[in-house]
Every structure is written in structure tokens, then in C-alpha cells.
Amino acid sequence: MSALITPELVLLDVEVPDRGTVTRLLAQRLQAAGRVTDLDGFLADVRAREELMPTGLPGGIGIPHCRSAHVTVPTLGFARVPSGVDFGAEDGPATLVFLIAAPEGGGQEHLTILATLARKLIHQSFRDALMAADKPSDVVDLVSKEVAA
Amino acid sequence: MIVTLTPNPSLDRTLQLAHLVRGGVNRAEGSRIDPGGKGVNVSRALARHGVKTVSVLPLGGPDGNVLADLLAAAGVEVRRVPVNGNTRTNITVAEPDGTTTKLNEPGPLLSVGEVADLATAVLEIADPGRWVVACGSVPLGVGHDFYAGLIGPLHARGARVAVDSSGDALRAVLAGGPRGDVPDLVKPNLEELSEAVGRPLHTLGEVVDAAGDLLSRGVGAVLASLGADGAVLVTADGARYGSARVDHPRSTVGAGDALLAGYLCEVAESPAADPDGDPRTPPDVRALSAALAWGAAATGLPGSRMPTPDDVAVIAVTLHDGIDPGHRLQAPPR
Chain A
15 MSALITPELV LLDVEVPDRG TVTRLLAQRL QAAGRVTDLD GFLADVRARE
65 ELMPTGLPGG IGIPHCRSAH VTVPTLGFAR VPSGVDFGAE DGPATLVFLI
115 AAPEGGGQEH LTILATLARK LIHQSFRDAL MAADKPSDVV DLVSKEVAA
Chain B
62 MIVTLTPNPS LDRTLQLAHL VRGGVNRAEG SRIDPGGKGV NVSRALARHG
112 VKTVSVLPLG GPDGNVLADL LAAAGVEVRR VPVNGNTRTN ITVAEPDGTT
162 TKLNEPGPLL SVGEVADLAT AVLEIADPGR WVVACGSVPL GVGHDFYAGL
212 IGPLHARGAR VAVDSSGDAL RAVLAGGPRG DVPDLVKPNL EELSEAVGRP
262 LHTLGEVVDA AGDLLSRGVG AVLASLGADG AVLVTADGAR YGSARVDHPR
312 STVGAGDALL AGYLCEVAES PAADPDGDPR TPPDVRALSA ALAWGAAATG
362 LPGSRMPTPD DVAVIAVTLH DGIDPGHRLQ APPR
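Heads up: the protein sequence lines correspond to chains A and B, in order. Going from the first sequence to the numbering used here is simple: count from 1 and add 14. Going from the second sequence to the numbering used here is simple: count from 1 and add 61.
With the rest of the complex left out, here is chain B (with noise of 0.2 Å):
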């Protein structure tokens, strides 16, 4: 089982418009509803392959139950933290012609009680060896350094973290909580990468370096996505390259959350040697491909849906032998 934590999620709402008018009276043609959130969608991932997983959310008000039922019905359990404000919801405006306008609230004021359950709860189902990912942003009434003091009391629980998030809350994980511990496992973008080790970088070289820099701290893998240019797996054995193909990519919305939900699958729920594998094949490189397998599978369905376990299998991964320092990256799609 692998327990995500969203302390910030949303009901993700998308609106279908011939043509967005600004002031005027805008009627839909087509809407749909997804649960949203990146741990939220780490755990969707894993549910379409039939991982048990538990989701950790704030949940408030009308829509809170709305997202809890959702979420069921996509097999993630949740476990309910409740609060007083209201779970959030975001708007996305789909025109045909590709342009999206998105309307997000900032989500609820959260109590400094109801961060203090949301820890508990989370602490609750950390059992040893189980991991723990915590994922986004955090909302209002949440410290920044909210993450990097789950850390300590998860590995005292045997529990193994691992933080996908960005900016101060990410810059507080990297520079280690309250007993100086880290995760075991960040997965930062590019962006995100470059901001942790404040220079900007332009090569597969410079990612490896920045990497090796965030382990130099205690991190014990670094799992960078790179986009279409692949991913790139950091740990004490070295660092590996790879990419992975897709013919038809038609979102990248949640295409990072499946691809760490493909790493963590591999790590937590396989056996130790795959039978119908080589037994030489080690587990990083397992890993790694999983993951370019899942998040590439990501990119090729619309919206945030995530993959199943037809859509991953037909994605050809490739792991380069070496890593070309030199190999300079594409710019992230804006």
C-alpha cells in the first residue's frame, strides 16, 4: 500500500466553450468533473493498476464529499481529514481551439488544529517500510516547512518519504527538518531542480550535477522529469538516462504524478527479482523505465487521466547506456 498526501486538493471542473467571452454570458456546451491535486493523482495512477493506496486530503464542505466519491469510485481510498473551510474548486475553460483559461481558487484556511490532524492522520498509517509521498502545494494556514516536519516522525515509523512539491515548502524538505532528516525521494522538474540549487540548467550534465548536490544533502534518489526529453534517476549507484516515446501526446497534465506513481509502484509493490525478467536488472533501472513507461502513457490520454496498465505496456522505453553531459534539454513547454 502506498499513502499519498494532497494537503491542498481540488474538484477539477472543465468547461467546454465554443468561444470564452470575457464579460459576457459564457454557456457551456460540455462539462466534466475529475478529482485533482497531485497526490490525488499519484494515487488514481496507482488504483488503474490495482495498487492499494490510501489518500490523505483535507476535505470540506459539499465538494469535499463530491471529491471523497470520486475517488472511491476510482478505487483510492481516502482517509477524510475533516476541516471548516471548503475543498476547492478548479475551473479550466476548454475552447476548440486549444486555448485553455484557468480559474483556480486557493482552497481553504486550514486551522492550526486541522494541520495538526492532517499530521496525525497521516502519521497514522505510516507503517514501516510503507512509503509515504507528499505532494503540491500547501494552503493557507500551512507552513511552508509543513513537509520537512513530517519527515522526522514518518522514518521514526519506519516509513520511507518521498516529496514532490516546489518552492519554499521543497527548499525547506532539501535543507532538512527539525532532526535534520530528508526524503528519500524528491521527483523535481527542471524547474523545480533549478530552483532547489538556485542555477539554471541547460544540459543533462548540469542535472546530474544538480542531483548529485541534493543527495550530497542526504536525499536518497533524485527522480528529475525532464519532459520530452526523458527522466533522469540520481542514487548512491550512479545516475541513468532515459526517454520514452509517444506518437500521439495530447496532455502533459499530471504526466509527472503518473511517472512517479510508475517508480513508486516498481519500488514498493514488486517483488525483489522479477521472475520473467533478467534477475540481473537492478531495481533502479526498473524503476526508471516504469516510470518513463507511466508518465509517457500520461502524456498520450487527454486532461489528467491517468493510465492503465494497457496504455503503459504499449509505450517503448528507452535507457541509454551512458549520459551524454553535454546533451542539451528542450525548454520546457510553457
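Isolated chain A, as found in the complex (with noise of 0.2 Å):
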């Protein structure tokens, strides 16, 4: 089974204006990875759903997401935008953001990641890590340690 994350699905430190532009980037790290197959079907997917409901989270976390017919293996993207981008949060732009991609037809298992996710994104401490990662390999290990916890 391929790992849920690895460093090239990482961005550090990326400027963007708009949610749209943060999560097409990290789409293109996914479709790079052979996770997606049809960007823009597949963003087109994560539209849907952020439109349903924003996907910001209190302390600075937006996390958009879909079960998506173009996504090959269950998969998360991280970036990492110092000046924040607006994911709807009700106390403001998001830092921290996760693209959580799960394939049409999966399991329950993609929701188990996003609920484990959102939760362990609640403490301060993982936050803190994740903003000081210096480099892609350390936010791999450190989400591939609170999610499988």
C-alpha cells in the first residue's frame, strides 16, 4: 500500500491568493505522484464539496477534501502559506492546509483520516511542529505519526 504522504506532496512556504490556487498546486503534486488522474475533474470534485461547506478549521487549518472517482490511493497533500489563505474559518485565514483525496468506492477509511486529522490539528503543540518543519521529510514524519496514532 502507497504511504498517505510523502515529501513530494509537501509544500513549504507557498504564496497564494486564493484557496483555489493553494489546492490546485497541491492537486498537481498529486497528479505528478500518479494519485490523480483528471486534474481538473478531480478539482472539480473538491470544489463540490468545499461549496457544500468551507472546510476551515479553528487555529489557522483548512482542510479540503473529496472521495473522488479521479483519485487512484488514498492520499495527503500539505502546504504550508506563511500569510495565510481563506479556507471560511469563523477566526480567519488558514496557514495549515491538508488536501485529503480518497478514491470513489473506498472504505469509511478516508473519513477515519480526515476525523483523526481535524482532531489532532485541535492542539497547539502539532500545529507549532508542523509551522516549524524545516523541511518536507519532517512534516511527512510528523503526520504520519498523529495519524496513525
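FYI, nobody ran anything at the bench for these hints, they're computed from the structure. Backbone N, C-alpha and C fix where the C-beta goes; we use that ideal spot for every residue, glycine too. A few of these clues could be false.
Examples of chain A residues lying across from chain B (beta carbon under 10 Å, computed) [stated by the list, open to error]: (1) Leu18; (2) Gln122; (3) Thr130; (4) Val161.
Given two chains presented individually in distinct reference frames, assemble the corresponding complex, making use of the accompanying hints.
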């Protein structure tokens, strides 16, 4: 089974004008890794979910996600956006963005990943560690540890 | 980890409208959807505090999928019990003058097999020492004795049981299941407590007496939420009363659920002694304080939004040294 997140799926310190841009940057990485087959089709699915309810969480978090026929394997992408990008959270823009992609017809696994991640991101220590990570592999280690736990 | 059971969850859609015209075409100016249901709210509040929680839900149809997704994004794990019917949508029409109109679906009719699946799902994750919280009304097809019948099997697995319900379901729970098992905790509001003991309650003294009646039936603890008056916790160790001030109340929707979540978070998740606190502070006092703070924080937030640790931290809680039995309670807001 492929790892949920790899260093190629981590973007540290990007500047973007809006949530669509950061989602597209991450989705391109997923596509390059062979995890997303149709970029625009996948992005349309993410947008549809985002329109249902914004995915911003308190504490500077955005978790765009979807189940999509254009996804081959459950995947997490991560982007750090120091100046923030709006994901509709009540307390302001997101600096930590996780893109969660799940194949259509998969089990409940991606919901467990999503729930675990959303809950762990409440903890300031986890957010601080993500903010302080020096390189993509540090993020992979941090996330793998928290989501597997 | 805390398990919640919501037999009749909903997808709550709020439509903002300038002015609702009955019989006319009304165009909404904005809308939002939220997961709905008392147990669902308890889980959402816990997850907002980083507490692991699993919400056991009968889900069916496209709205069932949406509900599961929204809960996951809120940090709540869902133990899904697939049902043939469709998960219900409740609609609230909110007008700028504060008028709200609610249109609630009854929810799906569960088959005998689906009700059995729901019970099995709860029992499967009820490990020793774990709290299982059964909340809200029961849907069509589910007997009023559903919660009452779960208590014995849950206790047999070593789980602790809390019930937050009303009417016939609460009465059945308090009457004891087939083996006479009653919950470790019940969280009635004033109206539900009054209904449970069959007499009106106007004062704190009457509330404490009513809670005492429930304890005499074997209930472990009664956490009675009294709206703006605060809350009373009655256990074998005695009765405690506290209140919390909210400067700008916005919505009492879900406040009782947040209160219950705060209590459970303290009794289930905190280490035996708080290293920063006074080691002599009894667990009851800490749990009541948490309940009051979470509940009050929720009333300061719009809709059914659940409080974060930051929202809770700013709430000033007062625990009263004694209980004035003659203290008259405010009538619950209508």
C-alpha cells in the first residue's frame, strides 16, 4: 500500500492569492505522483465539497477534501501558507492546508483519516511543529505519527 | 474515547431570508448546513477539544453521506449503521428580525433489523471504562425502551452509560431495563426533570429533591441543566450548584449538549488529579465547572456551533458554597 503522504506531496511556504490556487498546486503534486488521474475533474470534486460547507477549522487550518473517481489511492497533500489563505473558518485564514483525496467507492478509511487529522490539529503543539518543520520529510514524519496514532 | 449514540441524526440546513412569505416563492440570501442531533453535538464539542470520539449513527441516502463527511471534517469519527431510509434534513428559516421557523422531518423508519444493527454497533465499541452517551429522541421503528434495553448489556461490558433524553424514552430508562439497570448519569433540563418526577419544579431545593428521587432509583449522578440559572450536580456525595456568566448570549441551541460534553470530558479524559489545580478539588467539582464553562461558551456562539478551548477558557464559573433551597428558578426561555 502506498504511503498516505510523501515528501513530494508537501509544499513549504507558498504564497497564494486564494484557496483555489493552493488546492490546485497541491493537486498538481498528486497528479505528478500518479495519485490523481484527471486534474480538472478532481479539482471540480474538491470545489463541490467546498461549496457545500467551507473546510476551514479554527486555529488557521484548511482541510479541502473529497472522494473522487479521479483518485487512485488515499492521499494527503500539505501546504504551508505563512501569510494565510481563506478557507472560510470563523477565526480567520488558514496557514496549514491539508488536501485529502480518497478514491471513489473506497471504504470509510478516508473519513477516519479526515476525522483523526481534524481532531489532532486542535492541539497547538501539533500545529506549532508543522509551522516549524524545516523540510518536507519532517512534515511527513509528524503527520504519519499523528494520523497513525 | 467517548462514544455517542444518536438514533435520529439530521442534516440541519439554515436559510437566511429577508422575510418569509407563506405560500410565496422565497429566495434565500444565504444558507449553511450543519450536522444535527444531540449526540452528534456532544461529539462535535469533544472533537473541538481534541478528544477522540466516535458517533454511532444510522445513516441512509445522500444526506447520510454528507452528514458523515461533515462530521469527519469536524474531527468526529462515525460508526455508520446503514439504513434503507433517508437521513432527515431539518430546515431552519432565519429572518433578520430574529424570527426563526423550523421545518423538521420525522426521520427514517428503521426496520427491526436496522434497530438491532444499531444496538450491535454500540455494544461492539463499548469497552470497559468507556463512556457511552445515548442522546435525543428515538426515530420511528425504535421502541421507547431502546435506551433502557441497552444499559444492561453496556454495563455487562464494563462501559459507563449516560442518557440525555426526554419523554417516554427517559421514563423507560429511569424505570430500569429488563435487568433493572439504570444509567450512571442522566442530564435532564428543568422540563425533563420535572417530567421525570411528575411534579413542577420552581426552586433549587425542588430540583435537588427531584434529582435525589432519581438517585434513589439507582442513577449514579444527575446533572440538571437549568439554562441561565446554571446547573446542579447531584451524586451520592451530595449536591453542588454552579453558574456561569455569558456576556453576549447568542444561541442556546446545543448548549445543553456542550454542557454534557464538558462534564464527560472532565470525568473520562482528565487524569485523576489535575497537576495545576488544587489536589483536594473533588472530581465532582471539576466536572461541574467544566460542564458550566462549556455550556456557557456554547450560548455565546451562533447556531449550534460548539465551543473551542479558547471559547471555554474565558468563561467565569461560580461554584456556590451552599445551595439556597428557596432560590427561585427563571422560567426556561421559549
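Tested hints:
1. At its closest, the beta carbon of Leu18 of chain A sits 15 Å from a beta carbon of chain B; the interface hint therefore is violated under the 10 Å criterion.
2. Given the 10 Å rule on beta carbons, the hint for Gln122 of chain A holds: about 7 Å separates it from the nearest Cβ of chain B.
3. Using the Cβ-Cβ criterion of 10 Å, the hint placing Thr130 of chain A at the interface with chain B is satisfied: the shortest such distance is roughly 7 Å.
4. Taken as an interface hint, Val161 of chain A does not check out: its beta carbon lies about 12 Å from the nearest beta carbon of chain B, beyond 10 Å.
The structure does not agree with the numbered hints 1 and 4 stated previously, though it agrees with the rest.
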